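> The primary structure of each chain is shown beneath.
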Amino acid sequence: MAKVSRAWGPLSRQAPLAVMVALIGACNLSAQAPKITEYQVKAAYLANFGRFVEWPNSVAVAKSESFNICVLGQDPFGADLDAAVTGETIGGSRVLAKRISRPQDAVDCRILFISSSEVSQWKEILTALRPLSILTVSDMPQFARRGGIIQFLLDGNRVRFDINLAATERVGLNLSSELLKLAVTVSRSP
Amino acid sequence: MLKIRDYSIKKKLTLMNMLVSGVTLLLACTAFGAYELATFRSTMVQNLSIQAQIVGANSASALLFNDAKSAVNTLSALKAAPAVLSGGIYTLAGESFAMYRRDTGGHSPPLPPMPAGQTEEHWFADKELKLIRSIVFQGKLIGTVYIRSDLQDMNDRLLRYAGMVVAVLSVSLIAAFLLLTTFQRAATRPILQLAETARIVSREKKYSVRAPSTDSHDEVGLLIEAFNEMLVQIQARDAALQTSQEELEQRVTQRTAELDAMNKELQAFTYSVAHDLRAPLRHIQGFSNLLMESFASQLEPEAKTFLQRIGEGTQQMGRLIDDLLSLARIGRQEPRLQATGLNSLVQEVLRDLKTETEGRDIHWQVGELPFVDCDPGLMKQVFYNLLSNAAKYSRPRKPAVIDIGQMSVEGQVVNFVRDNGVGFNMKYANKLFGVFQRLHRKEDFEGTGVGLATVQRIIHKHGGRIWAEAEIDKGATFFFSLTSQNDGRQTANGHEGGKNGYDKRT
Amino acid sequence: MVTTREHEEIGILLVEDDPLDLEMTMRALQSDHVKNSIEVARDGEEALDFLFCRGPHSGRSPESQPRLVLLDLKLPKIDGLEVLREIRSRPETRTIPVVVLTSSAEQRDIIETYKLGVNSYIQKPVDSTQFRQTVKAAGFYWLVVNRPPLVEA
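Residue numbers (numbering that gives the first Met the number 0), protein chains in the order written: chain A, 0 to 189; chain B, 0 to 505; chain C, 0 to 152.
Treat the hints as calculated values from the structure; they're not laboratory data.
Do not rely on the hints blindly, as some may be mistaken.
Sample of chain B residues at the chain C side, in silico, Cβ under 7 Å [claimed, not checked]:
| hint | residue |
| --- | --- |
| 1 | 277 |
| 2 | 278 |
| 3 | 285 |
| 4 | 288 |
| 5 | 407 |
| 6 | 456 |
| 7 | 459 |
Straight line, CA to CA, 27 Å or less: simulated BS3-like cross-link-like pairs of lysine-lysine [claimed, not checked]:
| hint | chain 1 | residue 1 | chain 2 | residue 2 |
| --- | --- | --- | --- | --- |
| 8 | B | 473 | B | 391 |
| 9 | A | 122 | A | 34 |
| 10 | B | 263 | C | 76 |
| 11 | B | 391 | B | 426 |
| 12 | B | 379 | B | 353 |
| 13 | C | 76 | B | 303 |
| 14 | B | 441 | A | 180 |
| 15 | A | 34 | B | 129 |
| 16 | C | 135 | B | 263 |
| 17 | B | 353 | B | 473 |
| 18 | B | 68 | A | 180 |
| 19 | B | 379 | A | 34 |
| 20 | B | 391 | A | 180 |
| 21 | B | 78 | A | 97 |
| 22 | B | 11 | B | 68 |
Values in this document were obtained by computation on a predicted structure and should not be read as measured data.
For glycine and all other residues, C-beta sits at the position ideal for the given N, C-alpha and C.
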């Protein structure tokens, strides 16, 4: 692993995760650095959530070619998400970023970020996703309460999240306690 | 400086053994201690490494999701390890992400660099054990854990160990000492006994003692055996020596007794012979005188001459007997030494010679003679013989000059009697002092041939030397010394001079 | 050859064993003044027999003792020293003058005889002339000059 210098330069392409973490670490949003945007952080999180999730075997076998992180609705990440997943692998599979327009297209997604633009369709999306073991993430309000798994929060300057554990169980996912402990709230409401 | 060399064997053995025990124990303890230390250190490192790994693993998500609080939480578990001074999670950039410190205060220590190619490194420095470990999550390096531990445990352990070593050593040495004190006796007792025996032997010269033998067949046993054998031999030799000494002494005593007896016999014999020879002489002389007296008128002149010859013969015999007797007497007695002025002796002798030398023209030149330790009677005899000789043999001279004096020869006082008489041929000088030896005809000079022998015997009895030098018709000089010492008072304790005969002056 | 004159005064008892010495001594004594009778004993036994009137002399009167004893020391049977001792131990003979006439000049003999009370010790001169003179002088002195004690009854 290349040692990362302290110089706050542009994102290096050599070790994206490392860079990301370094940036995250360095920049506890203390304001010297070139600004790291909220969605850069969220993108990094998205890229990392997958590491703390256990998919049921059926999914794992079927979707072994790539690990897809999909965005449904209006893409707030843009290039940030692509940058975040470049060169990453999770469980031996390449991580790819996809944008989809319909929930039915999420069949080969592992993680699905539902953009706030879909807030009104959430119920239908949820139903459509029910047979699929997908980790749903969004930053729309009440996401977790409304059946989403991970809900992004902003705690002051920091990006945090809530987790709906019941929702994970419903879709047959297992979340690592390591992730759970970081959540602001872990709820079990259905 | 302690003379360790002079310590007793017991002390030496004990010291040696204790030294050996102590050293070996110390070495062993040191080795074990070093091993312990090494093991402990590696254990410490291992423990710390494990802690770092655990912390790292548990902080991975915190790092990834930038949850410092969670990381701090994880780190706080380090509290359970009281030796841990600090534990910190550092980002890839090397910046402190979360920190645990045992003692309040202080700053986050800077992250030491990780050597290339390693995921872990540790150092023992500044009285600490520092360990860094890369946090690798799912194959990716995401940060570093840096843990610092103090060495208190190790130090405590070391101290305990040292204490134990000291205790063990002390106890062992004491035990060794006690054991040695008991067991060395077995080893040293025979040696000590041997030494004691040797001491007794040399001090009291008793060769009948023996060193108590041991049952062991080791070198000491051998030594004791050999020693005892040696004593046996010495004893035997000693006894043999004693015996031969006694024998010798016996023989010496015997011989001396024999010699004494023989001497006495000889003396008695000489004496009685001389005495018994006198009586017939008297008769011969007496009756021939009576014959002369009573029958003078009836005797032819020739007969009278014959009677005269008989008389002369008996007179000569009488003189011979007298001289022999005197010689024998001198042989018997030991000189009784006293300080004597030789001059007074000479004067006496001159007086005695007055009748003999009546009517003669003799110049006596008497020099200063020394005072000596001698037997005055015997020395008087010496002078009498020498002076009467001198007078006799210088009869043809008118005047006869007789010198009596002393001189120094090689630091020794020598007396002399010199005459200007007829002298003698030095060729026959070795016969001068022989008994009955004469160098002149009887009809020229009467004499028995015993006078000089007597003089020599007396001088020899005083431990001195006598010799003579002469020239025919020029006279003779007789030299004698009474000792072999230097000028001054002479004492008669010198060596025996040469044999009967001529003593050559060196 | 002892002649006994019972009532005559006996002058000298001469004790001598050597015949020649005896003859010479007698000749010396018998010249000029010494007219006394001379009794001769040839050994110590004879001398004592004579003096104490025993043995062959048992008929002698003990009162007539010699006026002088000339005693040689070297005698057979009983020697001179013993004779002297005897003479000096008996009252009847104790006071008789005894003169030892011997060839010995040993201090030993001289001392012993004087211890025993000899009156005079003469060594027989070797020279015969001297011998004669000495014997005559001794005889003269002891018989004429010297005053013997009166014999007590």
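> State for each hint whether it applies.
Hint check:
1. 277: holds, 5 Å
2. 278: holds, 6 Å
3. 285: holds, 3 Å
4. 288: holds, 5 Å
5. 407: violated, 41 Å
6. 456: Not OK, violated: residue 456(B) not within 7 Å of chain C, min 21 Å.
7. 459: violated, 25 Å
8. 473(B) to 391(B): With a Cα-Cα distance of about 14 Å, the restraint between residue 473(B) and residue 391(B) holds, given a limit of 27 Å.
9. 122(A) to 34(A): Not OK: residue 122(A) and residue 34(A) at ~35 Å, beyond 27 Å, violated.
10. 263(B) to 76(C): Holds, at about 26 Å.
11. 391(B) to 426(B): holds, 21 Å
12. 379(B) to 353(B): holds, 15 Å
13. 76(C) to 303(B): violated, 41 Å
14. 441(B) to 180(A): Roughly 168 Å separates the two Cα atoms, so the pair is violated.
15. 34(A) to 129(B): violated, 35 Å
16. 135(C) to 263(B): Violated. Residue 135(C) to residue 263(B) sits at ~37 Å, over the 27 Å cutoff.
17. 353(B) to 473(B): holds, 25 Å
18. 68(B) to 180(A): holds, 11 Å
19. 379(B) to 34(A): With a Cα-Cα distance of about 158 Å, the restraint between residue 379(B) and residue 34(A) is violated, given a limit of 27 Å.
20. 391(B) to 180(A): violated, 165 Å
21. 78(B) to 97(A): violated, 45 Å
22. 11(B) to 68(B): violated, 72 Å
The structure is inconsistent with the numbered hints 5, 6, 7, 9, 13, 14, 15, 16, 19, 20, 21 and 22, although it conforms to all the rest.
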